[in-house]
Structure formats: C-alpha cells, structure tokens
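Knowing the structure of chain A, use the given hints to seat chains B and C on it.
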Amino acid sequence: MADATIAAAEALEMMRRKNPVVHSITNYVVMNSTANVLLSIGAAPIMSHAMEELEEIVSIANSVVINIGTLSKPWIESMNVAARLSKAMEKNLVLDPVGAGATQLRTNTAHEILTQSTPTVVRGNASEIMSLAAAGGTTRGVDSVNRSDEAFEAAKSIAQKTGAVVAATGAQDFITNGSESYVVSNGHPLLSKVTGTGCAATVTIAAFLASDMDPCVATAGALAYFGLAGEHAAKNANGPGSFWVNMIDALYNITPDQLAREARIQPI
Amino acid sequence: MADATIAAAEALEMMRRKNPVVHSITNYVVMNSTANVLLSIGAAPIMSHAMEELEEIVSIANSVVINIGTLSKPWIESMNVAARLSKAMEKNLVLDPVGAGATQLRTNTAHEILTQSTPTVVRGNASEIMSLAAAGGTTRGVDSVNRSDEAFEAAKSIAQKTGAVVAATGAQDFITNGSESYVVSNGHPLLSKVTGTGCAATVTIAAFLASDMDPCVATAGALAYFGLAGEHAAKNANGPGSFWVNMIDALYNITPDQLAREARIQPI
Amino acid sequence: MADATIAAAEALEMMRRKNPVVHSITNYVVMNSTANVLLSIGAAPIMSHAMEELEEIVSIANSVVINIGTLSKPWIESMNVAARLSKAMEKNLVLDPVGAGATQLRTNTAHEILTQSTPTVVRGNASEIMSLAAAGGTTRGVDSVNRSDEAFEAAKSIAQKTGAVVAATGAQDFITNGSESYVVSNGHPLLSKVTGTGCAATVTIAAFLASDMDPCVATAGALAYFGLAGEHAAKNANGPGSFWVNMIDALYNITPDQLAREARIQPI
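Chains A, B and C are the protein sequences, given in the same order.
So for the first sequence, the numbering used here puts the first residue at 3; every next one is plus one.
So for the second sequence, the numbering used here puts the first residue at 3; every next one is plus one.
So for the third sequence, the numbering used here puts the first residue at 3; every next one is plus one.
Just chain A, same shape as in the assembly (with noise of 0.2 Å):
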C-alpha cells in the first residue's frame, strides 16, 4: 500500500512536470469539463475529431482517449483511425465505453476499438466493463457474488485476453493488469451527481500515463487523486454544484504530498 500510495504522488509529480498534451475524441456533453479538469491538473488538452488532422494531432499528443458517449458514424470512424495511429506512434491509449451494453452500436463500438488497437487503459463503470467482457465471450458466468466482485473479475478478464489494463470504477475502483491488481476507496457520493465525472477520471488517468510509470500504478494514482479532489471537494459543497467548482479547485491544488498521505490505494 505505501509503494502505491508514493508511486502515485510520484505520478502526479512527473505529470505535472511534463504537462502532456492529451488529445481527446469524447462526446458533446463533457468536452468543456474535461477540457477543463485537465488543464486545472496541469495537462493540455486538444480536442478534435476530424480524418483530415489526426496524423498531425495525435503525433503532438502525449495520450489519446477515446470516449463513445456520443457517437455517429463518422465520429466512429475518426476513432478508430485515431485509435490505430495512437498504437502505430507509440501514443498512450485510453478507452472509455460509456454505455456499453445499453446499445448494441456502443457495445460493438468500444469492442471493435478494444480488440482492434488494445488500449493502454480501458475505464467504464461495474455495467459497461461487463458488458465489454460478455462482448468478448471472457465472462466467468454466475462464480461471483455481488457487483463488484463481478466488475472485477470482468476487468481481469478483459486485461488477461487483450493486454490492456482495466479500471471498473464506483464507490471503490478496481484497477488490474490481469495478474497485478489494486482496489482504491478514495471518492464522494456527489461525484455521480455530476455529468461526466467519470468521463473526467478517464482523461486524469491518459495524464497520468505521461508520467511514464508502471500504466496499472499510474491508473491506480490517477483514480486515487481523482476521488481525493472529490473528498476534499464535498467539504464545502452545498450541492453539485458547488461541489463541481470546489473539485475543479482541488484538483489545481493537491500536491503530491498531499496524495501520498491521503491516497486509498490496496493491492489485492
């Protein structure tokens, strides 16, 4: 736990000082938050999704994630090619399947992306990390007994058939590569009353990958501090949205000090 937790400040530490460009292809509803808790955590972001300029964008970028929550054809199209220039260049690559399993195009979307260019990282809730296991026929049946369980055993089943580490994140977050493993219990209920908050855990974990760590230590920092703003963010929060504002402030703020003391960071 204590190598976790000093690794991650380490992690934010290294990531700051690099200030990685972070290109992302994401939906409409989160590109100005996102936009925004990359730069409040000392990342640069880019948005863009057109054929035309993905050579030279992703070549600039540090990380490329890739975001289904809004989709349509050409914006599938766009992702995959950005997806396969991130391999083809070397570029971090992270997958967020927002919706997966609630629509056979988002299923299929994130599947496609998933096999096709293993992603560095892959970030969905408990639901759309089994769903992407059960897309992939990697799911262990009825062996598991709560949803948790099951996320994690969906996340590990993924990692070990594609190589890709897997975050199934909610009140805790697992993160695993298949054989290493870690739950972190940092958060705020008053996170999931906010739009696109874990759209914004996913482009927290793309900085962090610009730290050159161990990418399922990296992943375990970056979703520590990300739920560590949370907490520090309710305490003067009398709603949403003053806890939305605050978490923005705390992000900008923590230091790596700060995350190495207060991270929840468990291997298992």
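Read the hints as simulated data drawn from the structure, not as lab findings.
Among the hints, erroneous ones may be present.
Remember, identical chains collapse to one label, so a pair may be satisfied in a single copy or spanning two.
Below, simulated BS3-like cross-link-like pairs (lysine-lysine); rule was C-alpha separation at most 27 Å, straight line [what the hints assert, rightly or not]: (1) K163 <-> K89; (2) K20 <-> K89; (3) K75 <-> K89; (4) K195 <-> K20.
Only chains B and C this time, still in chain A's reference frame:
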C-alpha cells in the same frame, strides 16, 4: 392554488423516487448544463442522436426531449425518428422549439414534430410559441392586449389543435392543455443571464412527467420548482456565474415541503 | 493612453446599451462558456451552423464569430458561407484561428477565411498569429528579438496585407490595424488554466465591435475589459474552478467607470 402547489410537491417527490431516465436530442450549447440539471433534480440523463441506437435508447427512457437549438440535416432526421419512437412506445415527449420564428428551418422543424408526433408538452418562450401557432395558422390575430396575453392565446390554440400541453415561459409562465390553464410566477431575472435556462426548464418538465401526474399539473409544478430554485439561487449570487452554481445546488436541495410552501401556481 | 481607456469605457457602455446579437460558428468545447460570457457582458448569443438558415441568422446578427477549434468538412463549408454572408451584409466578422499552425487543416481553413472574407478582427495567440502570417508569406523572418515581438510583427504584417485588425494575445495583448497599435497589459495567469478563455476574449471583441467604435480601439477596449475581469476574478479564487465563476460575475459587474480607471492600454 393550494391543490396545484400540493400536486407540485407530490410530483417532485414521485419523480425523485422514480429517478427517471430522460433521453435528450438537444443542442450542443446546453448538453452539459441540462445533464447537470437532470442529475441535480434526481433524474438520469442520456444524450444520444445516432439513428442506429435510437430505438434502444428510447426504449429505456421514461421521457424524451427534442430541442432544436443547433440543427443540421442528420440531427433533424434523428429528432423526427426519436419523436415517432417516443409516441409508438408511449413515452413522454417534450419539444423545445428553440428559435422557432427566427428561421424557416427552425419553425418548420418544430412544426413538423408538433403535428406529426404530438408531444406531451411543448415549452418555449413567448415568441417561439407565437411562431408555432402562426405556422399552424391558429393565431387569434390582434385581439390580445399584450405580449403575455398573446403568448397565452397562442399556447391555448396550439393545445386545442394538437392535444399537447403548451407552456409559454417568461417572467410569468403560462401552462395550458387547452381547457385547464395555470400561471406560475416563481422565477428570477438572473435566469435570463445564463444560457440554456429555458432548455433546463424543459428537461425538468420531462422528468416531472415521469411522476405520472396529469401532464398539465406536472408541467406547472416543474416550472414552479425551477423558478423557485432561481429565487433561492439569487440570494447569495454576485452575478450570473455564482447564480448558476447556486441554481444547481438549489435544485438539489429544495424539498417537496419547501415547494408546497413557496410555489406560486394559480389556475386561470 | 488616457484616450484609449476612456474609449474602452465608452465602448462597453455603448455595447451594453445595444445588447448586440453575436452569432457564433464555434467549437463544441466552448459553446456553453462563450454563450455565458456574451450574456454576462450584456450581449445576446446565437449558435447556428446549418447552411439552410445561415442567411437568416447572419441577417439578424450584429457580429459574426468564426472559431475553428473543432473542424469537420460540413462545418468548414458553413464557416466559409457565413464569412461571405457577413461581408456581403456588412456585419462585423471576427476570426479565431484556434490551432492554426498545429495542423494543415487549421492553417488552411483560417487562411482561406482571412484572405477571402477579410475579417474585421482576427484574434489568436502568438503562435496562431505567426502561423497565419507565415501561411501568407508575410513573416519578417529573424529580425525580431523575442516571441512577443515576433507575434506583434506578424500581426502587423497580416493587418497591412489584409486590412483586418489583428490581436495577438498572451501575457500582454498586441492589437494593430497595421499603422495604429496598442498593447494591453490587463489579465491574470489563471486565465490560462481555464479552457476557452481565448475564445471568450474573441466573442467579447465581437460584441464590442457593435459599439461602432473604430475596430482597433474597440478591440483594445474589449481585451482590457476581459483581462480586468480576470484580475477581479482572481482575488477570491481558490483555483481555476472558482476563478471562472468569479470571471462571469466580474464581466457582469464591471462598470464603464471601473474600466476607465483600471484598463491598461498603451499606444505603441
């Protein structure tokens, strides 16, 4: 009046208990802010416009919102399909005719949805509602003495012709199903200094419809609740920025009891 | 200097009296935030990109903003048409060449609008303005001693070649029409930690142009006002989240008298 305010409080309580899924095909400007409004009031937002997934999305929604604020051809097609699916699946359908009257494209798009897929509720400002009434040839002409009266007459004529509940909102909100009518006088001038507050009122109506109350009563209740949140938000606001933060907090915090006490809804 | 600050105050007062309609074809990331900036300063935002309604929309606008932050082919076509319509209808046209220099698509799109529909004002950061000057073959080469100087020289060469007012903004803002030039030194470092603050400065310029002041003077005034709001906003900010809330409040609250006293505009 007492009946309508008590009904408003009940609608709020029933809506929150149900945590209704509200699917929006809406304009880019307000996607984030209306998603946050839905979360703060106790509903669950989904945004999706891809033709390929509309049937699955509408099927899991309690209410569907069509908002024409930033149109383009493929989006208009998706709006028409979503509106038809909503009717076929007996979902609550709410139309927000943003900018009707300003351009032919907007007037025609709104009029087509209004006449082909009778929304449960149409909410617009005075000029939008008057434009829609004129597009259907149902305006009463010059017999009204001011803009509010004109808007109310236009709302009544649309309601009588189509069977939709129509809300013409402004300093006072007029809600009518063609026979029964209400005026709501909650609200605050700062609501006009933040973008998308009309759109936010619309999604609040969509959520209230899931209470299964009479749509005319539920709409009046939703607008009283929304306006009341504006009054609470203004108390410690220094301008439109802090006002909107307070607004999200107020929508989250207002209880059914407060609404019963402070709602100003009158039958007319 | 005194003249320019007094002119800035007059432009603010005249703009607010007119409540100008500002039509934007802009990037998805900043649609909400720039609409809120326009409302807070006293202008009226419209967003529309549908070819079918551009003529009607431009005709009711006082100023038109073209911002190339998230391009795609149909949007580029709409931008070109809106730019041509703006010129034909003698509207104020403002170009924000977001990311010019980063990709060919952005450089070419901005350069095409710049040369085919001479904007009233072009506002970009140093590298965007230098890229645009280079795209037109008008850079002065290596005779400048630092990046600010280079940006100013690039701005002057574009202004002289095209007749547009050009603003290269940053820690200091340089505004020039090719012969007359100003430097504005209002602002705050937190402006660089919030997404779309450059885009927000651009729409503020578009609104100020509706004051019918000389465009070079109006642009300097708009940037002083915007930067001053940043200074006020920073006073009680705990980070970029509360800073932006305060910024909207400050834009709403700053009076022409305050601007006359606190604007730092110098002819150069």
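Cross-check of the supplied hints:
When the C-alpha separation of K163 and K89 is checked against a cutoff of 27 Å, the pair qualifies only within one copy, where the shortest distance is 18 Å, while the shortest distance between copies is 43 Å. For the homomeric pair K20 and K89, the shortest alpha-carbon distance inside one copy (21 Å) is at most 27 Å, but the shortest distance between copies (44 Å) is not. Within a single copy, K75 and K89 get their C-alpha atoms as close as 22 Å, and across copies as close as 26 Å, so both meet the 27 Å cut-off. Proximity of K195 to K20 under the C-alpha cut-off of 27 Å is restricted to the inter-copy arrangement: shortest distance 16 Å between copies versus 32 Å within a copy.
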